[in-house]
Amino acid sequence: MSAASNAAKRIVPLLDRVLVQRVKPAERTASGLFIPEKAQQTLNEGVVLAAGPGMINNEGKVLPMHVSAGDRVLLPEYGGNLVKLGEEEFHLFRDSEILAKLNKA
Amino acid sequence: MSAASNAAKRIVPLLDRVLVQRVKPAERTASGLFIPEKAQQTLNEGVVLAAGPGMINNEGKVLPMHVSAGDRVLLPEYGGNLVKLGEEEFHLFRDSEILAKLNKA
Amino acid sequence: MSAASNAAKRIVPLLDRVLVQRVKPAERTASGLFIPEKAQQTLNEGVVLAAGPGMINNEGKVLPMHVSAGDRVLLPEYGGNLVKLGEEEFHLFRDSEILAKLNKA
Amino acid sequence: MSAASNAAKRIVPLLDRVLVQRVKPAERTASGLFIPEKAQQTLNEGVVLAAGPGMINNEGKVLPMHVSAGDRVLLPEYGGNLVKLGEEEFHLFRDSEILAKLNKA
Amino acid sequence: MSAASNAAKRIVPLLDRVLVQRVKPAERTASGLFIPEKAQQTLNEGVVLAAGPGMINNEGKVLPMHVSAGDRVLLPEYGGNLVKLGEEEFHLFRDSEILAKLNKA
Amino acid sequence: MSAASNAAKRIVPLLDRVLVQRVKPAERTASGLFIPEKAQQTLNEGVVLAAGPGMINNEGKVLPMHVSAGDRVLLPEYGGNLVKLGEEEFHLFRDSEILAKLNKA
Amino acid sequence: MSAASNAAKRIVPLLDRVLVQRVKPAERTASGLFIPEKAQQTLNEGVVLAAGPGMINNEGKVLPMHVSAGDRVLLPEYGGNLVKLGEEEFHLFRDSEILAKLNKA
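In order, the protein sequences belong to chains A, B, C, D, E, F and G.
Quick note: the first sequence uses the working numbering, first residue 1, plus one each step.
Quick note: the second sequence uses the working numbering, first residue 1001, plus one each step.
Quick note: the third sequence uses the working numbering, first residue 2001, plus one each step.
Quick note: the fourth sequence uses the working numbering, first residue 3001, plus one each step.
Quick note: the fifth sequence uses the working numbering, first residue 4001, plus one each step.
Quick note: the sixth sequence uses the working numbering, first residue 5001, plus one each step.
Quick note: the seventh sequence uses the working numbering, first residue 6001, plus one each step.
Some hints here could point you the wrong way.
[Claimed, not checked] Derived BS3-like pairs (lysine-lysine); straight-line CA-CA distance at most 30 Å: (1) E/4104 x F/5009; (2) C/2084 x C/2101; (3) E/4101 x F/5061; (4) F/5024 x G/6009; (5) F/5009 x E/4024; (6) C/2024 x D/3009; (7) F/5009 x E/4101; (8) A/61 x A/101; (9) D/3024 x D/3101; (10) A/24 x B/1024; (11) G/6024 x G/6084; (12) B/1101 x C/2009.
[Stated by the list, open to error] Covered stretches of chain F, as calculated for chain E (at least 3 residues, CB under 8 Å): (13) 5008-5018; (14) 5052-5062; (15) 5078-5088.
It should be emphasised that the hints constitute simulated quantities derived from the structure, not laboratory data.
Computed from a predicted model, the values in this text were never measured in an experiment.
Don't be surprised by glycine CBs; every beta carbon is placed ideally from N, CA and C.
When you get a sec, could you build the whole thing from the sequences and use the hints?
This is the structure:
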């Protein structure tokens, strides 16, 4: 994730937005066989690369965020904004769109 | 539900989200006959595996949840987010989307 | 309604939801003739089997319900959630979706 | 409207709902000729048979109704809930959907 | 507008509704030639025949109206409710849907 | 804009509405060649002819307008109400729909 | 960006609108080969040319902006208003639609 990290480090999410990189589906089976792209599973998992400072309510108060950089998270099937920077793809979700945190296996 | 439990235990729902596993429809009749998948009934029942801490209102107050882990619940036909973790499928619903609790028969 | 009652008794509606069983359309005419299923009239009538405790507003106050178990009610043509439990079908409506109470004829 | 009245009297509208019976279009011309059903005009007029107690706002205050039983009213082309009771058809509108009261000609 | 006036005088708009009669498009050119109905221009102009007392906000306060009977107004292309009374057609718009007042030429 | 002005002067926008006349696309090139209507560019520019007094919030306070008569403005591609008065076309936008003011070149 | 700048300098965004010029996709590869227009990548990147003073809430308070002129930003795939001024194209986004700021590489 070295080159991606460099691109990602340039991105500073605004308000309650969360910069996420989706976990790529496996391209080979456990036994090393190649899985064709169409058969690769879309994953709900992502890694938070950066989180904005939080939404501001009408009274000007910053609302707290629920995820932070490094969190592994579950993402909804739809929603979020896809952005491409160089060769890499990222997603920006609003904090409240993130479904769950995911602890280590 | 042993392997599923391990996957499920990794999921920490955010805000007012509820992690649910749908009860699987019967694959055989009471007399042991196999029921083809197309004839298997989709069930409204699910089991709550984990519940988030609750939605936060605009004043920053946490709103209470109405279900908790272990509850058997009735789910709406539509809505919720399907997530796949390993071989297992889970659903994440918002607390207010859960229709009812279901007592033991 | 004996078996249905047993299934229904297991259901505990959450928030402002109301468990309703639709009144079944007549299967025979007054003179005893069979009415084919397609010609049977869908009825707007239902019986409240259970009512939730009430919606909670943003300040945490429980809002009162307007129907209770045993009420005969008029239902909208659309809306509500169909749930199947065993062989029986029930509907869950929000309290504010119930159109009217229906007094005895 | 005798039989209808008996059915209508059983209906107790909830919240801000208004029970209305649409004025039926004329089936004959002034000179007594039969008007085929397709040529009969749908009318905007209705008679209020019963009115609910009023909507309750978030603070629990009952908001006043603007029509009451006996009022002749103008109805919108769309909206409202059609209910059938016995042989009669009624509509339930929300108080704020009623366009206008109609004084006697 | 004599017969129309009699029908219109019966209509008492509720809340913030405004009873409007659209200005009819010219049926003849300035030189007296007949304009076929399809070529007649739909006009944005209308005359306010009656105005309701005003919308009531959640605190029960009546909000002021911005047009009154006799005002010539500009109407949006869409919206409003068409009502027919006898041979005449009227429209009911909400006060906030009226685009502008129109002074005399 | 003489005749148009006379028609426009009759229009008194209500609430937060803004009367705008779109700048017409050029009908000839700089060198005088005729541009066919289909090739003429729709322009985002307009001139404010009149502005309403401002929207009224729920507490009855008038909210300030951000454009006034004489302002050259940028308009969104969609939205606004087209009105025709005599031979002229005007648009009515809400104050908050106007994208930007446009200073002189 | 000289001519564009002159056009852009004329635009004064209203409320919370942000004037953005999208970064044009590369027309040649790094080795100088021409990339056909259809193969050119739409970019999420833009440069803020001007930012409005900020949205005004219902109490009349100006809400702060999160970007300012000169910021390089990430834009959503959809949304915003396209405006053409002379030969140049600009976009106007609301402040809250801007996904992220983009630091220098």
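These are the hints, each one checked on the structure:
1. The straight-line distance between the Cα atoms of residue 4104 of chain E and residue 5009 of chain F is roughly 10 Å, inside the 30 Å bound, and the hint therefore holds.
2. At most 30 Å may separate the alpha-carbon atoms for a hinted pair to count; residue 2084 of chain C and residue 2101 of chain C meet this at roughly 24 Å.
3. Taken as a hint, the residue 4101 of chain E and residue 5061 of chain F pair is honoured in the structure, with Cα atoms around 21 Å apart against an allowance of 30 Å.
4. With a C-alpha separation of about 22 Å, the suggested pairing of residue 5024 of chain F with residue 6009 of chain G holds against the 30 Å cut-off.
5. With a C-alpha separation of about 22 Å, the suggested pair residue 5009 of chain F and residue 4024 of chain E falls inside the 30 Å cut-off, and the hint holds.
6. Straight-line distance between C-alpha atoms of residue 2024 of chain C and residue 3009 of chain D comes to about 22 Å, which keeps the hinted pair within the 30 Å bound.
7. Distance check on the hinted pair: residue 5009 of chain F and residue 4101 of chain E sit about 11 Å apart at the alpha-carbon level, within 30 Å; holds.
8. Of the pairs offered as hints, the one joining residue 61 of chain A and residue 101 of chain A holds, with about 25 Å between alpha carbons and a cut-off of 30 Å not exceeded.
9. At most 30 Å may separate the alpha-carbon atoms for a hinted pair to count; residue 3024 of chain D and residue 3101 of chain D meet this at roughly 18 Å.
10. For the proposed pair residue 24 of chain A and residue 1024 of chain B, the alpha carbon gap of about 29 Å is at most 30 Å, so the pair holds.
11. At roughly 15 Å between alpha-carbon atoms, residue 6024 of chain G and residue 6084 of chain G fall within 30 Å of each other, so this suggested pair holds.
12. For the given pair, residue 1101 of chain B sits about 11 Å from residue 2009 of chain C by alpha-carbon distance, which is consistent with the 30 Å threshold.
13. Counting residues of the region 5008-5018 of chain F whose beta carbon lies closer than 8 Å to any beta carbon of chain E gives 8, which meets the minimum of three for the stated coverage.
14. Judged by the Cβ-Cβ criterion of 8 Å, the region 5052-5062 of chain F is covered by chain E as claimed, because 4 of its residues qualify and three suffice.
15. For a cut-off of 8 Å, the count of residues in the region 5078-5088 of chain F with a CB near a CB of chain E stands at 5, and the three-residue condition holds.
In terms of the numbered hints stated before, the structure departs from none.
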